[in-house]
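If you're matching them up, the sequences are chains A and B in order. Going by our numbering, the first residue of the first sequence is number 1, and it counts up by one from there. Going by our numbering, the first residue of the second sequence is number 1, and it counts up by one from there.
Don't take every hint at face value.
One copy or two, it doesn't matter: identical chains are merged, so the pair holds either way.
Calculated lysine-lysine pairs in the BS3-like style (CA-CA distance at most 25 Å, straight line) [said to hold, decoys possible]: (1) 120 - 309; (2) 119 - 311; (3) 162 - 14; (4) 162 - 311; (5) 120 - 311; (6) 103 - 309; (7) 281 - 119; (8) 119 - 162.
Calculated from the structure, these hints are not laboratory results.
There are 2 protein chains.
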Amino acid sequence: MTPAVPANFGRLPKRVTVYEVGPRDGLQNESTVVPTAGKVALIEALAAAGLSRIEITSFMRPDRIAPLADADVLAAQISPRAGTRFVALIPNQHGLLRAQAAKLAEVAVVLSASETHNKKNINRSVAESLAEFRTLIPAARQAGISVRAYISTVWGCPYEGKVDPQHVLAIARELAGRGAEQISLGDTIGVGTPLQTARILEMFLPHFAPEALALHLHDTRGTALSNALVGLQFGITTFDASVGGLGGCPYAPGAAGNLATEDLVYLLHGLGIETGIDLDKLVDAGRLAQSLVGHSLPGRYLKAALAAKEKA
Amino acid sequence: MTPAVPANFGRLPKRVTVYEVGPRDGLQNESTVVPTAGKVALIEALAAAGLSRIEITSFMRPDRIAPLADADVLAAQISPRAGTRFVALIPNQHGLLRAQAAKLAEVAVVLSASETHNKKNINRSVAESLAEFRTLIPAARQAGISVRAYISTVWGCPYEGKVDPQHVLAIARELAGRGAEQISLGDTIGVGTPLQTARILEMFLPHFAPEALALHLHDTRGTALSNALVGLQFGITTFDASVGGLGGCPYAPGAAGNLATEDLVYLLHGLGIETGIDLDKLVDAGRLAQSLVGHSLPGRYLKAALAAKEKA
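Just chain A, same shape as in the assembly (with noise of 0.2 Å):
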């Protein structure tokens, strides 16, 4: 018999959902231009480890993010698949007929908290991008297409410092009254601990269901499970993760970023927490990533298992 959870370890939810960013947000940070043909087998080898939402690239300007240059390409290329999901960025009404001519179920836009930062990301201020957003997240709806929207900075800027939760808020409930249907909250620069993530979703919580939320971490500084495991405890149900930690921190050459998916997914299945995911599979998504990009990837579970299994 499994004995109770401890009385004070929080409510943890029965099941949570893996939002798979590394061919998109991974890959556009990788100074290597992986070949479509590497990308369609990463892809494949994610949705074969069973993640069921995977952002396969953006629909940005081709000569905006070398790295994505491919992405109508590449989305042709992926074929439609039971169980899994395939997700795209756009930018704008012509990011979506892309996204439409490529049959995608569900596209994201993406915005910063920060006015700095999402001058310098996107070269919009805040108020533009929510005016654009404000059209092309109900057409997008329309079309019968599925909108997440990721708002970047959240727990801190690296340009403005702090950020305030309030502003944050007010920016999720417009995007969610426009019909964004998963808010996805970025800790961009891993500077998040988790009282802070603690008191950001105390602040959502009244205002958003925990399955509309979706926790997007770094892990720069090596806090992203603990304020992953803050998401839990407060009922949270999707994560975003970068196979390997793919795209490492765009901020500090060298550093990790993106939490990587196999540590997330070990500390999800360790709570008894149900994600469709084969982890040994996914570790061999990892390993096919490292060789794409040719050098070795910061997560911590997939280093442990290939130094596990080099020396078996």
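Could you slot chain B onto chain A? The hints should help.
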């Protein structure tokens, strides 16, 4: 005004002691033999950063652990320092005599909860280790020396797999009964996840004051800080860590082992918990540790901080 801690976050201690194991546990598992002068510089850098308890070496037989063969010479070169307690690991009465000669105020003993690991690590059965400590601990206490006892493989054994926490509890109570003032529970292979940690602590806390326990967590699969967070939520006030994550994982070369001190301190400070540690000075100690062993260390915060400094 600081907002209140959310109701379901748990109570956190106001102050935590970080027990630094890098110079002993870290260097013991490094292939490079660091010269005594380098060790002295590292220990002084750690003390200067505000670490109040530092395990400096091990009084094993010098031919057993080549990286720590200079134990007596090293200990003689460490000057007493207000606010810092220096500790050494001892295996037996002879080790105690050497610790007394070095005028150390605290010693540590170690055994594993699992037979096979204890046999391979210490070449004794668990019963033989306990028999030794039954006289060794009181002898140290009678000499006015504090004693901590490590129990290894509490979360799992690399040879036997699962470990029964009730068996660990029996060992811990025996050691405490003989005079060990603190029991450090070790996740030696870094397999622990937070619910398991909660269950272990729930079993221990009816029998131990939180201050009489320490958590010695490894980050092999990325879960060390999330386990530490659970420890904090249960009121634990002492956590072991190794500067930069020095020592790696002896079971999986290249992978992470000991929790990195900087990652732990960043988490603690983010939770508003006092440590007395200056994180910038700790990064300096981490940089020194890297130069002494001649390779980069796995600590997340250290990597991010050094990358940011290089970029600046």
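We went through each hint and held it up to the structure:
Proximity of residue 120 and residue 309 under a CA criterion of 25 Å is satisfied inter-copy only: 21 Å between copies versus 42 Å inside one chain copy. For the homomeric pair residue 119 and residue 311, the shortest alpha-carbon distance between copies (21 Å) is at most 25 Å, but the shortest distance inside one copy (48 Å) is not. For the homomeric pair residue 162 and residue 14, the shortest alpha-carbon distance between copies (23 Å) is at most 25 Å, but the shortest distance inside one copy (34 Å) is not. Taking identical chains as interchangeable, the C-alpha atoms of residue 162 and residue 311 lie at most 25 Å apart only when they sit on different chains, with a minimum of 22 Å there against 45 Å within one chain.
In this homomeric assembly, residue 120 and residue 311 come within 25 Å of each other (Cα to Cα) only across copies, at 18 Å, whereas the closest approach inside a single copy is 45 Å. Taking the closest pair of Cα atoms, residue 103 and residue 309 never come within 25 Å of each other, the shortest separation being 39 Å inside a single copy and 45 Å across copies. Neither within a single protomer nor between protomers do residue 281 and residue 119 lie at most 25 Å apart by alpha-carbon distance, with minima of 39 Å and 34 Å respectively. In the homo-oligomer, the alpha carbons of residue 119 and residue 162 lie at most 25 Å apart inside one protomer (17 Å), although the nearest pairing across protomers, at 52 Å, exceeds that limit.
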